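**Q** The whole structure should be built from the sequences, with the hints applied where relevant.
These are the residues of each chain, in order.
2 protein chains.
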Amino acid sequence: METLAVQLGERTYPIYIESGLLHDGALLRQHVSGGKIMVVSNETIAPRYLPVLMSALEGLRIDATVLPDGEQYKTLDTLNIICTNLLEKRHDRTTTLLALGGGVVGDITGFAAAIYQRGVDFIQVPTTLLAQVDSSVGGKTAVNHALGKNMIGAFHQPRCVVIDTDTLSTLPDRELSAGLAEVIKYGLIGDAPFFDWLEENIERLLQRDMQAIAYCIRRSCQNKAKVVAADEREQTGKRALLNLGHTFGHAIETGLGYGTWLHGEAVGCGMVMAAMLSHRLGWLSAGDLERTCALIERAHLPTRPPTEIEGERFLELMAADKKALGGRLRLVLLRGIGEAVVTADFQLEALRSMLGDYDRGAGSGQ
Amino acid sequence: METLAVQLGERTYPIYIESGLLHDGALLRQHVSGGKIMVVSNETIAPRYLPVLMSALEGLRIDATVLPDGEQYKTLDTLNIICTNLLEKRHDRTTTLLALGGGVVGDITGFAAAIYQRGVDFIQVPTTLLAQVDSSVGGKTAVNHALGKNMIGAFHQPRCVVIDTDTLSTLPDRELSAGLAEVIKYGLIGDAPFFDWLEENIERLLQRDMQAIAYCIRRSCQNKAKVVAADEREQTGKRALLNLGHTFGHAIETGLGYGTWLHGEAVGCGMVMAAMLSHRLGWLSAGDLERTCALIERAHLPTRPPTEIEGERFLELMAADKKALGGRLRLVLLRGIGEAVVTADFQLEALRSMLGDYDRGAGSGQ
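Protein sequence lines correspond, in order, to chains A and B.
Going by my numbering, the first sequence opens with residue 16, and the numbers climb by one from there.
Going by my numbering, the second sequence opens with residue 16, and the numbers climb by one from there.
Take these hints with a grain of salt, some might be off.
Since the list gives no way to pick out one identical chain from another, each pair is judged satisfied if it fits inside one copy or across any two copies.
Claimed, not checked - SDA-like, lysine to any residue: derived pairs with alpha carbons at most 25 Å apart:
#1 LYS104 x GLN226
#2 LYS51 x ALA169
#3 LYS104 x ASP92
#4 LYS104 x ARG313
Just so you know, these hints were derived from the structure itself, not from any lab.
If you're wondering where the values come from, they're calculated on a predicted model, not measured in any experiment.
**A** Set out below in structure tokens:
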């Protein structure tokens with residue numbers, strides 16, 4: 016079995032990657048310190064994988080909370096549903112929450128664990144590519160607010176991350192592509208050889224070649240774990256690089272209404288926009304811009320923002336992002352493939368003009 | 016000026032105690048690192064003290080959120096009001112929240128600071144005796160859930176606690192008494208000489224002799240700071256001693272509906288009940304029980320639980336408390352004045368029989 020570690024001193028935890036891990040009760044039990052578990056899942060995932068998990072954990076006291084499926088349910092109200100169920104089933108401070116699902120389930124379950132009785136244990140069992148390569152690792156938990164993505168949350172590290180690659184067999188194509196957006200991100204921000212590998216292997220990934228997928232999960236988790244270990248709470252700027260494409264993407268998600276585009280789709284498009292702006296600023300070569308756009312397109316991700324959000328509104332939404340609010344807009348931009356920077360040092364006019372070009376239906380932007 | 020410190024390594028912070036501190040803009044400014052402040056207060060306190068604070072902080076960008084007054088508003092919904100206002104006014108991660116009010120305002124503002132954008136700074140400016148001697152110090156933040164007090168929350172330490180003793184001049188008598196419950200608690204759990212002093216000086220406190228009040232705030236904060244420094248996250252059991260009377264008290268608050276009894280009133284009555292049970296178990300002498308009941312009564316606090324909650328329901332509510340949920344009921348009990356223990360090692364029958372005696376209108380319990 017593949018095991019990586021997120022090195023965070025006394026909060027260090029393992030990431031297990033292997034086919035069939037959902038059946039491995041012994042592995043999961045190692046990370047449950049109390050006798051009780053609350054599995055949180057959603058209506059799509061629970062029917063498929065909850066019974067397997069329940070039987071793997073037989074003998075422990077397990078309750079389950081099944082949420083509706085979708086980003087639009089990542090709210091304080093849904094959080095309250097989880098807390099109510101925990102209280103009704105009398106879970107105390109020694110309980111362990113287990114997130115079985117994609118990024119939405121992981122984020123909200125982690126946040127519930129962060130604040131239930133001022134903090135309890137939790138385990139991530141991500142079942143989408145996006146959650147496996149990105150959101151389940153690193154301890155960022157949150158819910159959305161009507162006025163902005165992930166505005167309410169906490170840093171709360173899981174006890175372990177258990178990635179059963181078999182769960183990808185039932186993942187819809189659209190969600191597979193959404194996950195690839197975050198995979199491509201690691202190549203763009205700091206791992207050019209991985210970007211090269213992705214250019215070679217993107218079709219194998221789309222065809223669900225499990226060997227290729229396992230490699231891409233491992234490599235992505237290695238990248239993520241390294242960044243998180245260096246800057247757990249996004250204080251030095253290193254972790255902020257992981258937000259490439261996200262300020263653009265969050266504007267799309269908030270502007271269209273959560274759940275209209277998948278998070279990964281918005282990030283894919285956001286990365287194209289970040290690359291385009293970097294090119295306009297003279298920071299990114301035409302060749303690297305071309306390679307970026309091409310790979311994202313080959314992953315079946317959108318490369319143009321939705322026409323519903325016109326330029327000025329887009330800017331407004333970007334300015335409301337966590338990284339910008341109240342101050343100058345800071346963005347993650349590209350100097351080259353594998354070389355990203357966090358910066359507020361760019362002409363806002365270039366951004367405005369690019370967004371205007373999209374409005375006019377131009378906006379290949381070169 | 017009196018300055019104490021809560022020793023928590025890099026999270027160490029000062030407690031300032033003095034008359035007139037609300038006017039001391041320079042002192043407050045020292046603890047504001049960004050340029051923006053969101054004051055959170057309530058409809059009772061804001062008209063009295065918000066203008067003073069605003070003018071002391073002139074030059075900084077200050078917004079305010081004014082909440083309805085009362086424990087029944089310490090909810091996730093009210094939390095969302097604070098977050099919405101922060102977003103609408105474009106407060107970013109460098110903002111400082113400032114809690115101006117009693118325990119409810121402090122708890123909810125601290126929790127908002129813990130989770131807004133995954134954590135921002137906050138300052139406690141407590142204006143009730145209860146908040147000054149207890150809830151503003153130590154970083155416990157929370158909101159209530161319909162099924163239990165303080166069930167959703169976080170540990171999040173303030174940057175400083177600023178206690179302007181002048182604010183007590185407008186405090187209703189009932190709230191002064193409620194604050195004295197937590198003051199008496201420090202004597203009971205570990206500071207017998209302070210208990211003696213309180214027996215001598217309780218009338219001076221009720222008459223608002225400011226010298227006596229300042230002393231009792233300082234002594235209480237010293238006690239609280241020492242416990243918090245030794246056990247910040249309630250892991251060794253030492254901090255749990257601060258919950259004397261609270262499991263009984265929370266049962267009363269949840270059972271009657273939040274806001275019916277003040278928190279301090281419920282704790283006062285809860286301490287009498289804890290003392291009574293300790294005596295029934297043969298742990299506390301009749302003399303010490305008598306002294307405990309007498310002092311709480313002299314502070315104008317209730318010493319009998321409300322008749323509306325009959326014994327079995329009371330037990331059920333106690334079992335739902337954070338310290339008990341899902342396992343054996345643990346209580347803080349007394350071995351003597353100044354000597355408390357956290358224990359699950361007592362006969363539940365003794366508790367049940369005591370609660371039954373209250374039902375029958377007996378329940379002096381001796």
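**Q** State the violated hints by number, sorted upward, taking the hints as numbered earlier in the document.
**A** Checked against the structure, the hints that fail are numbers 1 and 4, while the rest are satisfied.
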